[in-house]
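Residue numbers (the working numbering), protein chains in the order written: chain A, 58 to 365; chain B, 105 to 355.
Keep in mind the hints are simulated off the structure, nothing from the lab.
Any given hint could turn out to be false.
Stated by the list, open to error - Here are the simulated SDA-like cross-link-like pairs (lysine to any residue), alpha carbons at most 25 Å apart as the crow flies:
#, chain 1, residue 1, chain 2, residue 2
1, B, 352, A, 279
2, A, 130, B, 344
3, A, 330, A, 345
4, B, 188, A, 337
5, A, 130, B, 282
6, A, 279, A, 85
7, B, 269, B, 282
This structure is a prediction, so every number in the text was calculated from the model and none was measured.
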Amino acid sequence: MTDAITLHDITKSYDGFTAVDAFSLQVQRGTVFGLLGPNGAGKTTLIKILTTLMRPTLGDAFVEGHSVLTAGKEVRRMIGVVPQENNLDRYLTARENLALHARLHGMRPAAYNPRIDELLEMTGLAGRQHDFPDTFSGGMQRRLVVARALVHEPRVLFLDEPTTGLDPQSRRSLWDHIRGLRRTMTVFLTTHYMDEADALCDRIMIMDHGRCLADGTASQLKDAFSRAHTYQVEFRNDADRYQGVLAGLPFVKGVEREGSLFQITLADEESIKPLMDHLSGSDIRRICLKEPSLEDVFISLTGEKVRE
Amino acid sequence: MFRGAFSIWGRDMRVMRRSLVSELVSVIAYPLTLYLAFGFGLKGYITDVNGVPYPLFIAPGLISMTAVNAAFDESSWSMWFHRKVQRTIEEYRVTPVTVYDIVVGKIFSGFSQGAVKGTVVFLVILALTPFRIDYTNLPMYLLCIALSSMTFSCLGTICGTVIDKPENIGRVQSVVIVPLIFMAGIFFPLSSYPSSILPLIQLLPTTAVFEGARDALLTGTIPSQYLVNLVLTAAVCFTVAVYTFNRKMAE
Ligand SMILES: Nc1ncnc2c1ncn2[C@@H]1O[C@H](COP(=O)(O)OP(=O)(O)OP(=O)(O)O)[C@@H](O)[C@H]1O
Ligand SMILES: [Mg+2]
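Isolated chain A, as found in the complex (with noise of 0.2 Å):
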């Protein structure tokens, strides 16, 4: 067995509101995983139902080989979880909420001790462990989540939106230390940063309404979804003319201009020569393709209306 996780048809309603719809997944073990998707899209509750925290309305899930339904402590065993929000206990000291942690998952103090060193190193806090968490910034309180959720060595770790409200410098650092685990342990996290998502993951998904849009390495993502051949054209002059002329072709899907610079979508791979032959090239300074971004592809798929 490779799998770290699987979803078998995972179904969860609230009352009569399908939030993740016949979802299934699997994921191998030392993968780091994203998946991505608009507001409400249903991240989080997949992740509550991986972690135990919520029981799925039909499906099963297993977690290193344990059902989410039957075997939810063996489960929990495997597991360390950053919630989307931090929920650090404000009347224990930094230190205290890892020993805490440490000591609900069975560690005894011989072993809990260094290993909260090394993660407080680990994690810049190691002069601040004696300080109640409600005195940290932002991005030290997720920090301190984050060392919680290690310090018992999981093998899967679910991290829901880790690193929002963090820093660059702090974003940078957590990503190095994602990717230092990838090899030990797989890692599940959800994000809004489709550069995270580039930086960090071997695979990502998109899912939107409750199901999965797409599936895929990131390089992969952006060539499934680069069929919109996008070039950009810059003008030496006639700009304006050029403007006209593009307006009027049947196989230019948009345009978008920005003073001499244009974006041009066409409709095929093939309909780059015909473009050429309507503008001539002494009138052309500069053109390129447009590498799709792994944005433009969450985009084309999740739609640009915002979600209530």
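Starting from the structure of chain A, add chain B with the ligands where the hints point.
Just chain B with the ligands now, kept in the frame of chain A:
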């Protein structure tokens, strides 16, 4: 078994130790005020109740009241706070401990708060006033307080589990808990009730709490009907609290 409960209880005791000294003034102020106001204010009017001097008549009830109030307060607010505000219950629930560990740990924390604060008030009344008891009666009294604190801790846990809005916990306290306590005859003998409703009053768990505690402290025995009532109520409340919490967590 229940190592998780022990860890959660340990956490609560650590936090209590930190705040106990600053909390003591308010813990003592209320029962001591009642003791001074009623015990001394009314001494000229009520010399004794069934042969017991009035200050001695009300003292055991005030101590019990402190204990059960503290148990209810701690359990209800702490459960609500950890569930709705800090969401630490969610953190506990993603570790290998079970929901039984969590609810049992929390019930014992409420119980311990009641025991500690009741003891403090007992010592203060002992130190500041001529209130004296026969120390051989103490074990029975402690048993009575322990059962009562357990009951109120479970009731608090139930409230903190099912009630989402904090103001409603306050309402339960003023509409249910306070009347139950005051009807139970801390300040007056039950014989003041008309004989038609007396049997009902005697069935109240709080009557068993306060009458039982007074009898235990002053005579060294708990009337068997009260003892049965205390044990049964504690057992029922414990079962209901564990069941309710379990149900809530499965939502
Ligand atoms: N306890 C609940 N009761 C009713 N509906 C809920 C509950 N929790 C979530 N939902 C609904 O389920 C849907 C999915 O919510 P979920 O929190 O899983 O989204 P998400 O993908 O994590 O969004 P975000 O990016 O905003 O965190 C939403 O439409 C939400 O309104
Ligand atoms: Mg979410």
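Hint check:
1. B/352 - A/279: The given pair, whose Cα atoms are some 44 Å apart, is violated under the 25 Å limit.
2. A/130 - B/344: It holds: about 23 Å lies between the C-alpha atoms, which stays within 25 Å.
3. A/330 - A/345: 14 Å, holds
4. B/188 - A/337: At roughly 67 Å apart (the allowed maximum being 25 Å), residue 337 of chain A and residue 188 of chain B break the hint.
5. A/130 - B/282: Distance ~40 Å between residue 130 of chain A and residue 282 of chain B Cα, so the pair is violated.
6. A/279 - A/85: Given that 25 Å is the threshold and the Cα spacing comes to 22 Å, the pair holds.
7. B/269 - B/282: Holds. Residue 269 of chain B to residue 282 of chain B sits at ~19 Å (cutoff 25 Å).
Of the numbered hints listed earlier, those contradicted by the structure are 1, 4, 5.
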